[in-house]
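Keeping their order, the protein sequence lines are chains L and C.
According to the working numbering, the first sequence is numbered sequentially starting from -18.
According to the working numbering, the second sequence is numbered sequentially starting from -18.
Check the hints yourself; a few may be wrong.
Identical chains blur together in the list; that is why a pair holds if it fits in one copy or across any two.
[Said to hold, decoys possible] Here are the computed lysine-lysine pairs in the DSSO-like style, where the Cα-Cα straight-line distance is at most 30 angstroms:
1) K39 to K7
2) K7 to K42
3) K121 to K7
4) K143 to K7
If you're looking for bench data, these hints aren't it; they were derived computationally from the structure.
Take a look at the letters that make up each chain.
2 protein chains.
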Amino acid sequence: MNQRYPSTLLEHAVNELASLPGIGRKTALRLALYMLRRDPSYTERFSAALLTLRREVKYCKVCHNLCDEEVCSICANPTRDHSLVCVVENIKEVMAIENTGQFRGVYHVLGGIISPMEGIGPNDLEIESLVKRVAEGEVKEVILALSTTMEGDTTNFFLYRKLSPLGVRISVIARGVAIGDEIEYADEVTLGRSIVDRTEFSLKG
Amino acid sequence: MNQRYPSTLLEHAVNELASLPGIGRKTALRLALYMLRRDPSYTERFSAALLTLRREVKYCKVCHNLCDEEVCSICANPTRDHSLVCVVENIKEVMAIENTGQFRGVYHVLGGIISPMEGIGPNDLEIESLVKRVAEGEVKEVILALSTTMEGDTTNFFLYRKLSPLGVRISVIARGVAIGDEIEYADEVTLGRSIVDRTEFSLKG
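When you get a sec, could you build the whole thing from the sequences and use the hints?
The structure is reproduced here in structure tokens:
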């Protein structure tokens, strides 16, 4: 629909809001009008938060996680196990794993996965820095926690070839039927894999 | 879920994005990370568009529609029928009616509807300016195009009492079964109203 906006300022704001992923023009208009209903200080604070993030954001020199200092709070924490490195695609995965409370090691954020379709090759990712980090000798195990997709598998394979000559232990996160899922509805590939990779039954759960 | 953010700058940005209506914390995080992936100029342009809108927005002196000048392009258009005023709740309704291409009159934007639940009374709306506009004599008909809700009906009734002493014609938009809707699924109130308010059949559609 070729919307006519009563104001070019409104139209520009809607254009920018609608450029965000998952935000359509109708939602963008609703958001712009919401800002107009709120006090001007709301929009000032809103814009300042985004600008400050974009201008002042830092990435950890060790693991490339987002942080406020030179080294992130996880890498700087002496109580974490620095010999155990979990390789993830992005910052979101660091947050998701941290929220499980199950991991006491450290991370390495690749910044993406190898995807020929999107033109992302190994050199676009933080792979060389991972190899260097492992070669320094402190790391004993690397856990590959990438998406269980074709691209994730390709990246896992590439990392395995790069890291295995260094004599480090390389593991991959368990794949199987999600907890709470009904077997009936699990897809065949996952179900087959969960049978092959079965673990010994334990009463501890 | 009590998310831990790797950076306070990221957390602030997520807080601001999640303060928008309909944007949850998960979407807010996705949007913030999207901005970090884009060039810094993207966030600069994005923020500038919102700030410029909020700082420089103007409302039409005549109809209170959003505009770039003192008077909006609809009110300033001499080919529109200035004796026919369509009363709407907000700017979105002006845009929706303009998009139908069916209306050649002008508008009056109330800026809301009377809602005791939300503490919005007649004095919070552009009602006095409408009465003044009608009293000046040029307006021949006022079309009430408010939501077909309890609040809309209350506002219609209030406006009717204020405007009818001025001798202007007052009409209300047609209510009935929406075009494309199946009778079977229409609600009883709408269906009943559509029978009472039936119009003469015409082959012109």
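Violated hints, by number in ascending order, as checked against the structure: Violated: hints 3, 4.
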